[in-house]
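K.L.:
Next come the chains, spelled out residue by residue.
Protein chains: 2
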Amino acid sequence: MEKVRVVEIKEDILSRNNERAKEVKDELARRGVYYLNVMASPGSGKTTLLVELINALKGKYRIGVIEADIDGDVDAGSISEKTGVSCLQMHTAGACHITYQMSWEALESLGTDGLDLVILENVGNLVCPAEFDTGATANLVLLSVPEGDDKPLKYPLMFSVADMVAITKKDVLPAFDFSFEAAERNVRKRNPDCPLFLVSAKTGEGVPALASYLEEKIAEYRERR
Amino acid sequence: MEKVRVVEIKEDILSRNNERAKEVKDELARRGVYYLNVMASPGSGKTTLLVELINALKGKYRIGVIEADIDGDVDAGSISEKTGVSCLQMHTAGACHITYQMSWEALESLGTDGLDLVILENVGNLVCPAEFDTGATANLVLLSVPEGDDKPLKYPLMFSVADMVAITKKDVLPAFDFSFEAAERNVRKRNPDCPLFLVSAKTGEGVPALASYLEEKIAEYRERR
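Residue numbers (the working numbering), protein chains in the order written: chain A, 4 to 228; chain B, 4 to 228.
Since the hints were derived computationally from the structure, they do not count as laboratory data. Heads up, a few of these hints could be off.
What the hints assert, rightly or not - With a straight-line Cα cutoff of 25 Å, these simulated DSS-like cross-link-like pairs (lysine-lysine) come out:
1. A:LYS173 to B:LYS173
2. B:LYS28 to B:LYS61
3. A:LYS13 to B:LYS13
4. B:LYS173 to A:LYS205
5. B:LYS85 to B:LYS205
6. A:LYS220 to A:LYS192
7. B:LYS63 to B:LYS85
8. B:LYS28 to A:LYS173
9. A:LYS61 to A:LYS220
10. B:LYS61 to B:LYS173
11. B:LYS220 to B:LYS173
12. A:LYS173 to A:LYS85
Every value quoted in this text rests on a predicted model; they were computed, and no experiment measured them.
Could you build all of it, start to finish, from the sequences and the hints given here?
P.N.:
Written out as structure tokens, the structure reads:
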């Protein structure tokens, strides 16, 4: 009985969250702000890739960043310093995910006036953040080469909610038993049409292709308004 | 107000879980079973290290393994095949952690009769599993070299609840900007006396030291009974 109660509470929280997240999405569409939610395991290279991606895009768009961490502020400092864009550090006080409400409060603190693109770096976690819609326009999910090509089979929800997947740390491929084809096959089992990119933030390889794809998506988003 | 309610429910669930987990711990002590809970990020090398560790220890102890995954059964098959020990695959039905109850049910399904050591491979997640006591005798937390030496700062609770930490994938150190000393310093900020091991399941380096430490701990556990 106890188990059932917990599950029901969780379903209530999730369905209410995901309903309210639509309002965040609609408000951002009205404001013309494309909101990209980046999710991945700890240490998969989110911050490093974001620095490269922002530097590739900042000539075309006014960008803001929200860095969500349980603790610490290493990432916000590093992104601001390396890209010059404004970056808000958000602490989740132990929470393993970002709700619509935390997402909205962070957007309001950052201020979206004059911004074209806001990037949210979610908590490093391949499970919980996938359950909570943040109101983002799109979800970018990263999988790093060292983690292994089987992860989409073991963390299915994360790869189902992805609108695009980037395989990161391409530069270390020779040191690991990782097949891009197997990773692609495993992602496609959960998400048949999901575009995949193979990138290295260290060498820059693959970053222009991902940046171009985002530009296309932002252009389509603006046309739809 | 809504937020407060959610937090209270969570605290209730956690405190009840952690109270009941003590009963699991006591029952295992009565049975003389050392229960090791292994926690880490996705793709940090839990399964590969466990195979090496089990092969180093199976001559001395009768070992059972519980593999917890959200989905898939790749790991249980791989561990059974490579070590010959009995292994139970447990699916968490989407859950990001193992409660005392899931842990207890898995122990009863596996059967602890005649076992000296049971190893639980928890869900790949550096956040939530740290909150839920599984009733384990000890927690082994892994941090892989590709994840970065700053992770103990960003996921403080996980490194606080660790009884031992193993830095995995030592063989790829030259390809990454990772300092063992920095990782050690960062772990010690949260957990001053925690023993650290630097291992490579691929080359076997460091595995004997970790296995010997576990043997010591198991001997102490038996003496205390």
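K.L.:
Decide, hint by hint, whether the structure agrees.
P.N.:
Each hint, compared with the structure:
1. About 19 Å separates the Cα atoms of A:LYS173 and B:LYS173, which keeps this hinted pair within 25 Å; it holds.
2. As the CA atoms of B:LYS28 and B:LYS61 are separated by approximately 23 Å, the hinted pair is consistent with the 25 Å bound.
3. Between A:LYS13 and B:LYS13, the direct Cα distance comes to roughly 10 Å. Compliance with the 25 Å bound is thereby established for this hinted pair.
4. Distance hint between B:LYS173 and A:LYS205 is fulfilled; the C-alpha atoms sit about 20 Å from each other, no more than 25 Å.
5. Restraint check: the Cα-Cα separation between B:LYS85 and B:LYS205 comes to about 14 Å, which is no more than 25 Å; the hinted pair holds.
6. Straight-line distance between C-alpha atoms of A:LYS220 and A:LYS192 comes to about 23 Å, which keeps the hinted pair within the 25 Å bound.
7. The suggested pairing of B:LYS63 with B:LYS85 holds, with an alpha-carbon distance near 17 Å, which does not exceed 25 Å.
8. Simply put, B:LYS28 and A:LYS173 have alpha-carbon atoms about 44 Å apart, too far for the 25 Å limit, and the pair is violated.
9. Taken as a hint, the A:LYS61 and A:LYS220 pair is honoured in the structure, with Cα atoms around 16 Å apart against an allowance of 25 Å.
10. For the given pair, B:LYS61 sits about 24 Å from B:LYS173 by alpha-carbon distance, which is consistent with the 25 Å threshold.
11. At roughly 24 Å between alpha-carbon atoms, B:LYS220 and B:LYS173 fall within 25 Å of each other, so this suggested pair holds.
12. Of the pairs offered as hints, the one joining A:LYS173 and A:LYS85 holds, with about 21 Å between alpha carbons and a cut-off of 25 Å not exceeded.
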